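Trainee: Go ahead and model the full structure; you've got the sequences and the hints to work with.
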Amino acid sequence: MARASADSQPVSSGNLLTVLVSLAVVFLLFTAFLGAVKSGDVYTEQNLLYAALILYGAATALYLGFGVTGIPRYVHVASIATALGFLFNTLAVGHRWYISGHPPFSSIYEMLLCFVWTLAALTIFVERRYHVQVIGTVTMPLATLSVILIQLLPSAVRPLVPALQSTWLHIHVSLAMLAYAACAVSFALAMMFLIQDRIRTETFLAATSAFLVSVYIGIASRFDPSGGLRLIAWDAQGKQEIFFTEKARLMVVIPELGWMFFLVLAAVLAPLVFYFWARLNKVESAMIWANRAFFVGALLQVVGLSAFILRAREGVYHSPQVEGTFATSLAASPFILAGLIGGLFASALYLLLLWRRPDLERMLPAEETLDVLTYKTIGIAFPLLTLMIAAGAYWANRTWGSYWSWDPKETWALITWLVYAGYLHMRITRGWRGRRAAYFAIIGFAVVLFTFFGVTYLLPGLHAYA
Amino acid sequence: MSEKQSLAHKLWKTFSSVATGIVLLILVVIASAAGTFVLQRPITEPEQMQRAYSPATLRWLDATQLTDVFHSWWFVALLSLLCINIVLASIERFPGVWRYFSRPYRRPDAHFLTGLPLHAEIPVRSTQSGVAAAERAFRRLGMKPQHVGGDGNFSLYAERHRFARLAAYVVHLSLLLILGGGIVDAVWGYRGYMSLTLDGQSSEIDMRDGTKKPIPFTVRCEGAGQENYADGSPRRWWSRLTVLENGREVQRKEIEVNEPLVHRGLRFFQSGYGSTGEVGSIRLLAVSKKTPADSREIVLHPNETVALDAEHSVQFTAFVPDMVINGGRIESRSDQPNNPAIQLSVASKQAGESKMWLFANYPDFSHPSALPYDFKFQDLAMGYFTGLQVSYEPGQWAVWAGCIVMGIGLVMAFYFVHIRYWAVPVDDGRGRLMLWVGAAASKNREQFEECFRKLVKEIEQELQANATEERHTKSVSLVNA
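So the sequences go chain by chain: B and R. Just so you know, we're using my numbering here: the first sequence kicks off at 112 and counts up by one. Just so you know, we're using my numbering here: the second sequence kicks off at 2 and counts up by one.
FYI, nobody ran anything at the bench for these hints, they're computed from the structure. Remember, it's a predicted structure, so these values are computed and weren't measured experimentally. Every residue, glycine too, gets a C-beta built ideally from N, C-alpha and C. Any given hint might turn out to be false.
So, partial list: chain B residues that the calculated Cβ filter (under 7 Å) puts toward chain R [what the hints assert, rightly or not]: (1) Ser277; (2) His281; (3) Val483; (4) Gly490; (5) Thr497; (6) Thr510; (7) Gly512; (8) Trp517; (9) Pro519; (10) Thr522; (11) Ile526; (12) Leu529; (13) His536; (14) Gly542; (15) Gly545; (16) Ala548.
Mentor: Written out as structure tokens, the structure is:
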């Protein structure tokens, strides 16, 4: 009897979150619908995408809710939300294709749209076919973040410049999106493997925290005595840094941001202190505190990143060097931005590993199956990556008369390919299985992320269209 | 002597090992990444380099060739070592794989029978019936079994997708093809630029380093143009090109951005189109002051002279595309015909020469003059040029062949498995006759186990059906007796 009541309790709270999320979804959809009706156009791509975002967001919340509470029902509802979101996503892609008259592959906006679509499709496929029910916990936050990113990007349907009017381009980009989505799924499966494999998380905590501390110490070096953060001024028209003298870059100070990042630095330092405290004095409870501190640190990182993006994206600030105000831009501080996002990515990975194991185990196939599935997904991704690079080279050859020019995007596509080639060699000839293979798959996806976003925003090159 | 041999042996072992390959792969990755983070020489302007790095850093970067990673000797050396590693590793491992082709293991020996991870033993009545049942089961699963061994002592062997064993070699061969093509292009290939005015022709290309390279034929531009979208952004550029050899036309093609002209391995790509800043021709109206109804249209090319009547002639002497008066001097702001100004020189037998300006944007402006004509600007045609990217890449075919071969190789590697089945009648050591069934797969073993279980079940069913049939036949024969 006591057992029954213990069992029934989480189920009721399970209903609570489900109901809350459903209400939120209905409310958001309804307000969005009202707004759309007011403006007259209901079936626009924006609205469809907004609906997809709400549903993906709901799926993310439920999957994460499952991670915290371990209630199976969340996963079932999240799966339905994913499927519905996918439906809206499909409509949005179709709508855009119909309006523009060409497949939606010509700008980073459209590519992200297709990436999200493929990711959701693969998630649903792996979930149904291989019964990896909680795979959405990794892929859905990724999809949600991508859709949010989509909203920030310019979305106008622009006519294709002559260089982009090629079937080969469409082949190239669709292969890229398929390959990258497959990489994302292999990454999710590798994460699931690590969770199922019950790795010890302490070392991860130390490594992740050390990485975060180094990132934030680097950022804190830009601290201004007034409490602000010094950033390089940006000439939006010339798309370049502004130089104060021949060698010195002009800096602007964003007030208060310096203190903010000091706070984040302190927050990410705390888990490391707790960790060493736990190791040196053999205090187990300190580890729990380390994990709590890490969670707080992750939240503060999100706040820091948001503040940084919002304030550095647009706006003019005073410069300490000369009188007057100057603009800055995210493009002027690529390394800070990369550090912030990389740090958040690493934190998210660690938090995933902290999940309640026994509940998850029931939702996941055996470790060996996950290991083999990861390999199989890479077995899909790798040929796609190869063909993607070949199609891109062929297109470049027809357009610029050169199939390989070592521009950063090309080079990073090659690096991605080499990393996965390394994975395959280690696995096939050296028999790497399990954890080492999983780490390799995770590194591979980190490289994919860098190739996709990092190169576009941090490194200049020919792929200016993307 | 033996020490030397062992050193050679060690070297061979080192260079043919996968570990070396992985290390080289990591080094290539690091070098390539460095090449994307450090500003690279030919693309980045020298001034920008000097601004980005301090002189000491720049000296150091240049000395290590980190400012041009992808053309540095050490990057080429790294790629060459990787090639050598691939070749040696392939040679090292090839004999083992070739055995599957030269001597397929059709009849397993006793040692193999016990050692194979995936096998089963099924009791049978007779060798004949057991093998026959296995054969039917094999066929039902789409295999074509072979009979191995003589009468009374024969067994079955079946295999599928033997070629999948070669997948790794196919992929590595394709890699060598691609790299080989790349090397050929790096050594013998070149890229340049050719700029042609409309009706212009040329038989040399401008190389990156500023020199001119003659080509064995002449390219003439018959026309070129740009089409725009409604919002003014370019939709299409095109050029009609004719190839002339010894004055004879040998090829003609209208090229556009993704559609080059190819002649003798040289490819001409549409890469630019624009105004040369020079004028092609202007159209004027010359109105007689005496009889204003008597006006005539004249078309003038630069420096061309046209007679107006027996006494007067007009010459087109100067053109400013985007005129602006700067400190009393006439200058051009750009090459675009935004504010064209035209200078005419009118020669009169009595009054001599007099110069005047016409402005396309201000047609009513006119010089007060004693000449018997007024000139009204009508229209002008700017001179345009088409920019052609020229490239010669004799190795590209190896690269494309390599890409196709690699695609085939990867499909072989990931989606085909070499599987082998054996069915051998054996004695289980206690006098019972058994059918030993074994199977091996080159990869994907987990999934393959299921297939094997299915095969064993099929054979067992066949045997059962057989047995019932036999009993049935027996009973029938009994009845007949």
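Trainee: Each of the hints needs a verdict: does it hold here or not?
Mentor: To see whether the hints hold, each was checked on the structure:
no. : hint   : verdict
1   : Ser277 : holds, 5 Å
2   : His281 : violated, 12 Å
3   : Val483 : holds, 6 Å
4   : Gly490 : holds, 4 Å
5   : Thr497 : holds, 6 Å
6   : Thr510 : holds, 6 Å
7   : Gly512 : holds, 4 Å
8   : Trp517 : holds, 4 Å
9   : Pro519 : holds, 4 Å
10  : Thr522 : holds, 5 Å
11  : Ile526 : holds, 5 Å
12  : Leu529 : holds, 5 Å
13  : His536 : holds, 6 Å
14  : Gly542 : violated, 11 Å
15  : Gly545 : violated, 14 Å
16  : Ala548 : violated, 14 Å
Of the numbered hints stated above, those contradicted by the structure are hints 2, 14, 15 and 16, listed in ascending order.
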